[in-house]
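Novice: Sequence:
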Amino acid sequence: MAPWGWAVKITISAGNFAQFVTAFQELTGCTGRCNGAELTLHWPQQAGEGYYRWLRLRGGIELFICDYQLHQSVTVDLEILEFPSLSVGFIVSGHFRGTLPGAAEKLEGRPGQSGLFLLPAHREISELPAAERLRFVGMSFEPSLIESVFEGQSLPVAPALRPWMAGREAPPFFRLGAITPAMATALDQVLHCPFEGATRQLFLEGKALELVALQLEQTLTDGPSPAARHRLHGDDIDRIHQARDILIANLEHPPTLIALAHQVGLNDYKLKLGFRQVFGTTAFGYLHAHRLEQARVMLAARQINVSTAARAVGYTNLSAFSLAFKRRFGVLPSTWQSRRS
Numbered sequence: 001m002a003p004w005g006w007a008v009k010i011t012i013s014a015g016n017f018a019q020f021v022t023a024f025q026e027l028t029g030c031t032g033r034c035n036g037a038e039l040t041l042h043w044p045q046q047a048g049e050g051y052y053r054w055l056r057l058r059g060g061i062e063l064f065i066c067d068y069q070l071h072q073s074v075t076v077d078l079e080i081l082e083f084p085s086l087s088v089g090f091i092v093s094g095h096f097r098g099t100l101p102g103a104a105e106k107l108e109g110r111p112g113q114s115g116l117f118l119l120p121a122h123r124e125i126s127e128l129p130a131a132e133r134l135r136f137v138g139m140s141f142e143p144s145l146i147e148s149v150f151e152g153q154s155l156p157v158a159p160a161l162r163p164w165m166a167g168r169e170a171p172p173f174f175r176l177g178a179i180t181p182a183m184a185t186a187l188d189q190v191l192h193c194p195f196e197g198a199t200r201q202l203f204l205e206g207k208a209l210e211l212v213a214l215q216l217e218q219t220l221t222d223g224p225s226p227a228a229r230h231r232l233h234g235d236d237i238d239r240i241h242q243a244r245d246i247l248i249a250n251l252e253h254p255p256t257l258i259a260l261a262h263q264v265g266l267n268d269y270k271l272k273l274g275f276r277q278v279f280g281t282t283a284f285g286y287l288h289a290h291r292l293e294q295a296r297v298m299l300a301a302r303q304i305n306v307s308t309a310a311r312a313v314g315y316t317n318l319s320a321f322s323l324a325f326k327r328r329f330g331v332l333p334s335t336w337q338s339r340r341s
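According to full-length UniProt numbering, the sequence shown is numbered sequentially starting from 1.
FYI, nobody ran anything at the bench for these hints, they're computed from the structure.
Keep in mind that a hint or two might mislead.
Distance ranges between label pairs, derived from CB positions [said to hold, decoys possible]:
#, residue 1, residue 2, range
1, Met165, Gly36, 27 to 37 Å
2, Arg302, Arg58, 28 to 38 Å
3, Gln263, Arg33, 39 to 49 Å
4, Asn35, His290, 30 to 40 Å
5, Lys106, Thr308, 16 to 26 Å
6, Thr22, Thr75, 11 to 21 Å
7, His253, Pro163, 49 to 59 Å
8, Glu49, Glu293, 12 to 22 Å
9, Thr22, Ser319, 50 to 60 Å
Backbone N, C-alpha and C fix where the C-beta goes; we use that ideal spot for every residue, glycine too.
Could you put the whole structure together from the sequences, leaning on the hints where they help?
Specialist: In structure tokens form, the structure reads like this:
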């Protein structure tokens with residue numbers, strides 16, 4: 001078990017997923033709970049709080065969810081001897097740095113990023129920071145899933161992936177993109193699934209397929225990814241994060257886009273373009289989503305009633321709030337609150 005109390009390095013070599021889980025538990029002290037096709041590992045209290053969760057869904061999909069915050073930084077040096085599935089991943093919140101085969105530079109994981117990865121036998125090093133909540137959702141799947149998702153249509157497969165689709169050995173492949181508003185809605189529903197038992201499995205299967213389809217549509221095409229077409233400098237990214245913080249601090253009376261751009265020292269075009277690249281949506285799409293998330297948290301804690309929650313996050317029309325809440329989380333706000341009682 002890792003000697004928690006300072007920056008920790010964890011080195012794992014695994015031939016398959018089961019070996020990885022066993023080694024990870026032994027080295028981190030994470031405690032596990034297996035419920036049928038679902039495995040959850042919780043970080044020990046001395047290391048942090050939160051969990052890793054793996055679910056085996058029908059159709060050959062493996063769903064991975066993590067939501068945790070560490071007390072000190074952790075470096076994971078992982079060697080996978082066999083990992084033939086294609087994977088998609090979405091960073092909902094938090095940052096991390098990592099190396100992947102074929103990448104000339106370290107990857108900087110930021111909120112709002114998505115990615116598509118094919119990583120056979122490989123080594124990866126991930127640097128996980130302390131005191132920052134990391135929420136990540138990922139899926140891995142076999143070629144048959146792509147064929148079923150795009151049944152009766154031409155498959156939008158990048159040339160580098162065609163050997164994998166044909167069942168042959170393929171080189172490492174990765175492509176980065178941005179979380180779109182449609183992806184963000186589905187991710188929220190995965191992270192806050194309101195169901196239990198068999199209904200939960202069916203719900204998560206549907207959302208996993210939706211996310212796979214959205215990611216394939218975005219990245220399984222020829223040409224550079226959105227992130228590659230419009231590279232932002234570090235200072236620009238800092239200013240975009242500052243703009244996000246200003247929006248969050250002014251939920252009820254947000255500034256106009258031009259005023260927001262002026263406050264952070266960018267022109268409105270760069271702010272619009274950069275905000276979508278960093279967070280996967282427009283500035284006011286982000287504000288809309290954050291308002292609803294704040295309302296969801298307040299309702300779950302039963303702090304206030306639905307109408308008060310609507311007003312607290314800037315809605316003057318209760319019907320509009322209820323409709324927006326249902327579109328984002330799949331249930332009416334009153335239903336969400338009653339299920340938390």
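Novice: Is the gap between the beta carbons of Glu49 and Glu293 within 12 to 22 Å?
Specialist: Hint holds: Cβ distance 20 Å, inside 12 to 22 Å.
Novice: Given the hint of 50 to 60 Å, is the C-beta distance from Thr22 to Ser319 inside that range or not?
Specialist: The hinted range 50 to 60 Å holds for Thr22 and Ser319, with Cβ atoms some 52 Å apart.
Novice: Taking 49 to 59 Å as the hint, is the beta-carbon distance of His253 and Pro163 inside that range?
Specialist: Holds, since His253 and Pro163 (Cβ atoms, about 55 Å apart) stay within the stated range.
Novice: Between Thr22 and Thr75, does the C-beta distance stay in 11 to 21 Å?
Specialist: holds, 20 Å
Novice: Just tell me: holds or violated, for the beta carbon distance of Asn35 and His290 against 30 to 40 Å?
Specialist: holds, 32 Å
Novice: If you check the beta carbons of Met165 and Gly36, does the distance land in 27 to 37 Å?
Specialist: Hint holds: Cβ distance 31 Å, inside 27 to 37 Å.
Novice: Can you tell me whether the CB distance of Arg302 to Arg58 sits inside 28 to 38 Å?
Specialist: Given a distance of about 35 Å, which is inside 28 to 38 Å, the answer is holds.
Novice: Starting from the hint 39 to 49 Å, judge whether the C-beta atoms of Gln263 and Arg33 obey it.
Specialist: holds, 47 Å
Novice: Evaluate the given range 16 to 26 Å for the C-beta pair formed by Lys106 and Thr308.
Specialist: Violated, since Lys106 and Thr308 (Cβ atoms, about 46 Å apart) do not stay within the stated range.
Checked against the numbered hints given earlier, this structure breaks only hint 5.
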